[in-house]
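Trainee: Sequence:
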Amino acid sequence: MFLEREGGRGRARALVPADPKIYAHLPYVFALDDEVVRTRDNGLMLSLEITGIDGVTSGQASITALRAGLAHLLDTLDERFTFYLHRMMRPADAGLKPLHGQSFAADIDRAWACELARRNLQDSVLILTVVRRLTAPLAVPFLAKTAARVWGEDTARRLEELREVVSILETGLGVKSHRLQISNGSLIGFYASLLTGELRTAPRSQFGLIAEDAAGASIQFGKGQFTVEEGTDAPRVGAVLYVKSYATATWP
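For the sequence shown, position 78 matches number 78 in my numbering, and the numbering has no gaps at all.
Hints listed in this document are in silico derivations from the structure and should not be mistaken for laboratory results.
Backbone N, C-alpha and C define an ideal beta-carbon position, used for all residues, glycine too.
It is possible that some hints are incorrect.
Okay, the calculated beta carbon distance ranges per label pair [stated by the list, open to error]:
1. Cys114 to Gln220: 23 to 29 Å
2. Glu160 to Leu96: 40 to 46 Å
3. Gly52 to Arg149: 40 to 46 Å
Simulated pairs of lysine to any residue, SDA-like, Cα-Cα distance not exceeding 20 Å [to be verified]:
4. Lys176 to Met88
5. Lys176 to Ala71
6. Lys21 to Ile219
All chains, full assembly: derive it from the sequences and hints.
Mentor: Right, here's the structure in full:
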């Protein structure tokens with residue numbers, strides 16, 4: 001996905017790094033506010049963390065109703081909107097208060113806490129991203145003042161449409177959700193986790209593109225595999241697989 005095309009290395013080609021920066025391939029450019037991000041192709045993007053019913057513990061009627069409600073909502077929208085659903089893993093917080101002292105109960109509690117830390121428990125998190133795309137090229141006048149006005153009006157209109165669809169999702173599907181934000185690190189952390197697979201918070205730098213903040217990992221590709229390095233963490237190795245068949249139904 002991030003490999004450069006193979007070819008002859010002329011004088012100009014010699015200036016292209018063999019390992020290109022990952023942020024150049026990421027779509028995130030800058031933020032419109034604390035929740036909405038503009039992409040490289042001028043789309044507007046907002047992400048929500050979905051909580052509520054669980055596909056394992058919930059009844060079949062609840063799952064069927066949620067599936068029907070989401071399908072009905074998607075059926076009413078056109079090609080202006082695109083949806084992405086990611087299932088991420090986040091370190092679980094058991095929230096247990098430790099027992100202090102030299103008692104037998106405290107010894108058991110410490111042993112239990114060490115075992116939980118060794119298992120590295122993870123929570124499964126669903127992130128839904130809604131994108132209001134720019135379906136047709138925007139006709140921008142040559143005059144700077146007029147161009148800025150046209151650009152601003154188009155952005156305001158699409159931003160209002162995006163917020164309207166997200167509000168319907170938040171109130172009409174019967175599931176709990178909250179919007180990821182830049183200020184608390186959840187949104188940048190989500191973008192970064194798409195490269196690493198583990199959801200963490202990440203800060204926004206004062207300067208630079210959002211893509212640069214999200215590209216906190218280094219990925220090296222080999223034959224049928226890749227290596228992910230995140231600073232001081234131990235490198236992880238993954239495999240590239242091809243999916244030849246698709247399931248006819250999915251579950252939340």
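Trainee: Next step is simple, just say for each hint if it's right about the structure.
Mentor: These are the hints, each one checked on the structure:
1. Cys114 to Gln220: 23 to 29 Å: violated (34 Å)
2. Glu160 to Leu96: 40 to 46 Å: Between glutamate 160 and leucine 96, where Cβ atoms are some 45 Å apart, the hint holds.
3. Gly52 to Arg149: 40 to 46 Å: holds (42 Å)
4. Lys176 to Met88: Holds: lysine 176 and methionine 88 sit about 17 Å apart, inside 20 Å.
5. Lys176 to Ala71: Holds, at about 18 Å.
6. Lys21 to Ile219: holds (9 Å)
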